[in-house]
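**Student:** The listed protein sequences correspond, in order, to chains A and B.
Each position in the first sequence, counted from 1, maps to that position plus 33 in the working numbering.
Each position in the second sequence, counted from 1, maps to that position plus 33 in the working numbering.
Among the hints, erroneous ones may be present.
Unchecked claim - DSS-like cross-link-like pairs, simulated, lysine-lysine; straight-line CA separation at most 30 Å:
#1 A:Lys43 / A:Lys75
#2 A:Lys40 / B:Lys313
#3 A:Lys72 / B:Lys338
#4 B:Lys116 / B:Lys338
#5 B:Lys48 / A:Lys255
#6 B:Lys72 / A:Lys338
#7 A:Lys313 / B:Lys72
#8 B:Lys48 / A:Lys338
#9 A:Lys313 / B:Lys43
#10 A:Lys72 / A:Lys43
#11 B:Lys338 / A:Lys43
#12 B:Lys313 / A:Lys43
#13 A:Lys308 / B:Lys61
#14 A:Lys43 / B:Lys116
#15 B:Lys308 / A:Lys40
#16 A:Lys61 / B:Lys116
#17 A:Lys308 / B:Lys72
#18 B:Lys250 / A:Lys48
#19 A:Lys308 / B:Lys48
#20 A:Lys40 / B:Lys116
#21 B:Lys48 / A:Lys250
#22 A:Lys48 / B:Lys308
#23 A:Lys48 / B:Lys338
#24 A:Lys116 / B:Lys338
#25 B:Lys40 / A:Lys308
#26 A:Lys72 / B:Lys116
#27 A:Lys116 / B:Lys116
#28 B:Lys308 / A:Lys72
#29 A:Lys116 / B:Lys61
#30 A:Lys116 / B:Lys48
#31 B:Lys313 / A:Lys72
#32 A:Lys116 / B:Lys43
#33 B:Lys48 / A:Lys313
#34 A:Lys308 / B:Lys43
#35 A:Lys313 / B:Lys40
#36 A:Lys75 / B:Lys116
#37 A:Lys43 / B:Lys308
#38 B:Lys313 / A:Lys48
#39 A:Lys116 / B:Lys40
#40 B:Lys72 / A:Lys116
Keep in mind the hints are simulated off the structure, nothing from the lab.
Please read these numbers as outputs of a predicted model, since none were measured by experiment.
2 protein chains.
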Amino acid sequence: MNNLQDKALKDRALKVVPNGMFGHLSVKMQSPRTPQYYKRAKGAYLWDYDDNCYIDYMCAFGPNLFGYAHEEIDAAYIEQLRKVDTATGPSARMIELAEAYADQVSHCDWTMFCKNGTDATTMALMTARAYRGKRKILLATGAYHGATKWCTPMPEGTLPEDRAHHIYYEYNNPNSLRTAAEEAGDDLAGIFATPFKHEVIYPQQLPNAAYAHLARKLCDEKDAMLILDDVRAGFRLDRDCSWESIGVRPDLSSWGKTLANGHALSCLMGSDRAKEAAGKIFVTGSFWSGAAAMAAGLKTLEIIKTTDYIERTVSLGNRLRDGLAQVAKDTGVPMDQTGPAQMPLIMINDEDGNRNLSACMAFCDALLDHGVFFHPFHNMFITPAMSEDDIDRTIEACHEVAKLLPSMSLPEIAF
Amino acid sequence: MNNLQDKALKDRALKVVPNGMFGHLSVKMQSPRTPQYYKRAKGAYLWDYDDNCYIDYMCAFGPNLFGYAHEEIDAAYIEQLRKVDTATGPSARMIELAEAYADQVSHCDWTMFCKNGTDATTMALMTARAYRGKRKILLATGAYHGATKWCTPMPEGTLPEDRAHHIYYEYNNPNSLRTAAEEAGDDLAGIFATPFKHEVIYPQQLPNAAYAHLARKLCDEKDAMLILDDVRAGFRLDRDCSWESIGVRPDLSSWGKTLANGHALSCLMGSDRAKEAAGKIFVTGSFWSGAAAMAAGLKTLEIIKTTDYIERTVSLGNRLRDGLAQVAKDTGVPMDQTGPAQMPLIMINDEDGNRNLSACMAFCDALLDHGVFFHPFHNMFITPAMSEDDIDRTIEACHEVAKLLPSMSLPEIAF
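Modelling step: build the complete structure from the supplied sequences, incorporating the hints.
**Tutor:** Following this line, the structure appears as structure tokens:
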């Protein structure tokens, strides 16, 4: 694998972008050969500037739901762009999409559109506080709810006051949640939850029903808002809100990523109970009314409703999971596979069960030579644009690499 | 003017969007006939769903720099969309655009791209605090720097802690700024300023040099960051940062709105002095790396650099200003015109010099019948896509409406 062009771009970028790149797309915590820039994307594939082609298991960290450069969705975007996009008011696409979500998502009666997942989680937080003027927000320790002052995982540039009246609980632990709610007392504004525990590095956990139902019950008892942060998982696990299958409906849910298959669109959905409070907060953005992304959202939703994309994604994800379990067995490399089939976290452990980040890094680095892009410590994403052959090629590549892993010199990890 | 279709859309929207619409695009504080939805936009014109066509003096509240549905810019967007847009990494367009801004904007050495103006002001705030670990931020009372927890103009859903360590000063008042800086003492992280005073309703003020130079001097003395919030005015007043013409260079500047002529793109630009601090904060968004908006940004910048668009915009703005001054003289309606020619605030006063919001509302409402969209209390925007004939038709319409104003029954204003 040649990476001269990508290396040259990284060097150029260092001059005009802090650290060359920032945020979740930065590859500075991956192997030095990991490509940072892409010149083409189609379906499940990415091409870097050295013309290497990868089966992309990151799917843009979520947005690539049905395949890159999706012809129908992009055609809907372009058709709307030619009529009206960002203007002095929205187009009727906004109403149509809000109506469509109210039809599709059980707890949803209304929608407010925005551009970042963080916009949607921030609007949820503000709405919860505006609802009864209460202040305390319960959040699971370590859960990612975006990257602005009040929620970024890194403290630099933030103040303790940015997280005032946050109370933390342990995900999936009803006792911990109950204790946090008691601490909030009469001042409980809302409870945040991700649909499953999807932090980097740590084993992913599906939600346990007792925890999820308790969150709902506490919000009912204390007249607070249950907020499901479905930004990362929304429409990947379910055609409805991600907790619908366990019978728990939030008051507010935050969405983004998949809504328009890569076009910039996110939103806060809510129930009628939360509507007056949502109508009180003042939030806005220069491009939030852009009609082209909403037209793409309508087309994306049509495909969500009319195809077997989830079933196909699960089937592909299980094919990968089963194949890798066999690789682990055959090669003796301890692979820890957690999370739902559509969003697997695949990590290599030591024999004592601890994460071996050096091995994860070396493993993903070696896969690049096989045209497979894996992430060493973040959950990955399966797209139905992948073929069975893509999955089988991936398993084969993992087998080749796992066989060699014991003899590889592993990189030192600085974090 | 028929508005049956728009009325029907407003009624539909009330069911699925809080208040039917939210944020700065909501027309709920304008006359009831004011259209909320648009089905087409081209050049300087908007068409509502009742097929009324308006010369649009709001330009999407800024983004419409060169005309709606701009063929070259949209072609650049679509061409890039077909290659790669939102993916697992950015494309080379990100580096090219950051390099182009470093060439074009005097204080800029680097850029971080995002999606909202508020993202860019929040990143500026966090960078200023990350720079030396200091906390105090000076802001002009009433200045708009976005709409999230720490800066939204409405308190609902926010806490006093969201504005911890903010100190307010009076825009254009060096004594007030100096007092605020003294209050910050050794804990001054940064000073925010808009390029001119552009609040709603109040007369706009161009910056006075003593104030702007003092802001720079205080930041130098106290090793703090001067932040210019150029989201609304950037590339409308100047082909450089908006304070370049008065000889004041910020450390950080926030941009959005015009950068890609309506495509969703904003950014934080900074000098090398601020680069290490900017590299420490963790901020990100699902679509911030989208290459299509950056390709549109490159084409927009090319037009900024190679055409006389500012000179033409100023000429059109002055033609409107002069014409309206004559209308005021001829009709005796006291019009207060403030702000730069490109971004005028035009309001009607009482004879005693106080704002007459009812008259502003009635005036803008009546202009709708003439196919002219004015805003009753927010600064407006001129685009070079307007023709001299558009301006002259507008002046004529204003003349007709102003003549009738004394005999109109004025609406009561609830805010």
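**Student:** Could you run down the list of hints and mark each one as holding or not?
**Tutor:** Now for the hints, and whether the structure bears them out:
1. Straight-line distance between C-alpha atoms of A:Lys43 and A:Lys75 comes to about 23 Å, which keeps the hinted pair within the 30 Å bound.
2. At most 30 Å may separate the alpha-carbon atoms for a hinted pair to count; A:Lys40 and B:Lys313 meet this at roughly 22 Å.
3. Taking the CA atoms of A:Lys72 and B:Lys338, the gap is about 26 Å. The hint holds against a cut of 30 Å.
4. Among the hinted pairs, B:Lys116 with B:Lys338 is consistent with the structure: their alpha-carbon atoms are about 26 Å apart, no more than 30 Å.
5. Annotation: proposed proximity of B:Lys48 to A:Lys255 holds, straight-line Cα distance about 27 Å (limit 30 Å).
6. Distance hint between B:Lys72 and A:Lys338 is fulfilled; the C-alpha atoms sit about 26 Å from each other, no more than 30 Å.
7. At most 30 Å may separate the alpha-carbon atoms for a hinted pair to count; A:Lys313 and B:Lys72 meet this at roughly 28 Å.
8. Proposed proximity of B:Lys48 and A:Lys338 is supported: the alpha carbons are some 22 Å apart, at most 30 Å.
9. For the hint pairing A:Lys313 with B:Lys43, the CA-to-CA distance comes to about 18 Å; that is within 30 Å, so the pair holds.
10. Straight-line distance between C-alpha atoms of A:Lys72 and A:Lys43 comes to about 14 Å, which keeps the hinted pair within the 30 Å bound.
11. With a C-alpha separation of about 27 Å, the suggested pair B:Lys338 and A:Lys43 falls inside the 30 Å cut-off, and the hint holds.
12. Between B:Lys313 and A:Lys43 the CA atoms are separated by roughly 18 Å; this keeps the pair inside 30 Å, and the hint holds.
13. Distance check on the hinted pair: A:Lys308 and B:Lys61 sit about 17 Å apart at the alpha-carbon level, within 30 Å; holds.
14. Taking the CA atoms of A:Lys43 and B:Lys116, the gap is near 20 Å; set against the 30 Å cutoff, the hint holds.
15. Distance restraint check for B:Lys308 and A:Lys40: the Cα-Cα separation of roughly 21 Å lies within the 30 Å cut-off, and the hinted pair is therefore satisfied.
16. For the hint pairing A:Lys61 with B:Lys116, the CA-to-CA distance comes to about 25 Å; that is within 30 Å, so the pair holds.
17. For a cut-off of 30 Å, the pair hint linking A:Lys308 to B:Lys72 stands: about 27 Å separates their Cα positions.
18. Under the criterion of a C-alpha separation no larger than 30 Å, the hint pairing B:Lys250 with A:Lys48 is consistent with the structure, at around 27 Å.
19. Our distance criterion of 30 Å between C-alpha atoms is met by A:Lys308 and B:Lys48, whose separation comes to about 10 Å.
20. The straight-line distance between the Cα atoms of A:Lys40 and B:Lys116 is roughly 21 Å, inside the 30 Å bound, and the hint therefore holds.
21. A distance of roughly 27 Å separates the Cα atoms of B:Lys48 and A:Lys250; the hinted pair therefore holds under the 30 Å criterion.
22. Our distance criterion of 30 Å between C-alpha atoms is met by A:Lys48 and B:Lys308, whose separation comes to about 10 Å.
23. Proposed proximity of A:Lys48 and B:Lys338 is supported: the alpha carbons are some 22 Å apart, at most 30 Å.
24. For a cut-off of 30 Å, the pair hint linking A:Lys116 to B:Lys338 stands: about 27 Å separates their Cα positions.
25. Straight-line distance between C-alpha atoms of B:Lys40 and A:Lys308 comes to about 21 Å, which keeps the hinted pair within the 30 Å bound.
26. Proximity of A:Lys72 to B:Lys116 is assessed by CA-CA distance (about 7 Å); at most 30 Å being required, the pair is judged to hold.
27. As the CA atoms of A:Lys116 and B:Lys116 are separated by approximately 23 Å, the hinted pair is consistent with the 30 Å bound.
28. A distance of roughly 27 Å separates the Cα atoms of B:Lys308 and A:Lys72; the hinted pair therefore holds under the 30 Å criterion.
29. Distance check on the hinted pair: A:Lys116 and B:Lys61 sit about 25 Å apart at the alpha-carbon level, within 30 Å; holds.
30. A distance of roughly 25 Å separates the Cα atoms of A:Lys116 and B:Lys48; the hinted pair therefore holds under the 30 Å criterion.
31. Our distance criterion of 30 Å between C-alpha atoms is met by B:Lys313 and A:Lys72, whose separation comes to about 28 Å.
32. Restraint check: the Cα-Cα separation between A:Lys116 and B:Lys43 comes to about 20 Å, which is no more than 30 Å; the hinted pair holds.
33. Pair hint B:Lys48 plus A:Lys313 holds up; C-alpha atoms about 16 Å apart against a cutoff of 30 Å.
34. Restraint check for A:Lys308 and B:Lys43: satisfied, since their Cα atoms lie roughly 16 Å apart, inside the 30 Å limit.
35. The straight-line distance between the Cα atoms of A:Lys313 and B:Lys40 is roughly 22 Å, inside the 30 Å bound, and the hint therefore holds.
36. Taken as a hint, the A:Lys75 and B:Lys116 pair is honoured in the structure, with Cα atoms around 8 Å apart against an allowance of 30 Å.
37. The hinted pair formed by A:Lys43 and B:Lys308 meets the criterion: a straight-line CA distance of about 16 Å does not exceed 30 Å.
38. Between B:Lys313 and A:Lys48 the alpha-carbon distance is near 16 Å, which keeps this suggested pair within the 30 Å criterion.
39. In summary, the hint linking A:Lys116 to B:Lys40 is supported, as the alpha carbons are separated by about 21 Å, within the 30 Å threshold.
40. Restraint check for B:Lys72 and A:Lys116: satisfied, since their Cα atoms lie roughly 7 Å apart, inside the 30 Å limit.
The structure is consistent with each of the numbered hints, conforming to all of them.
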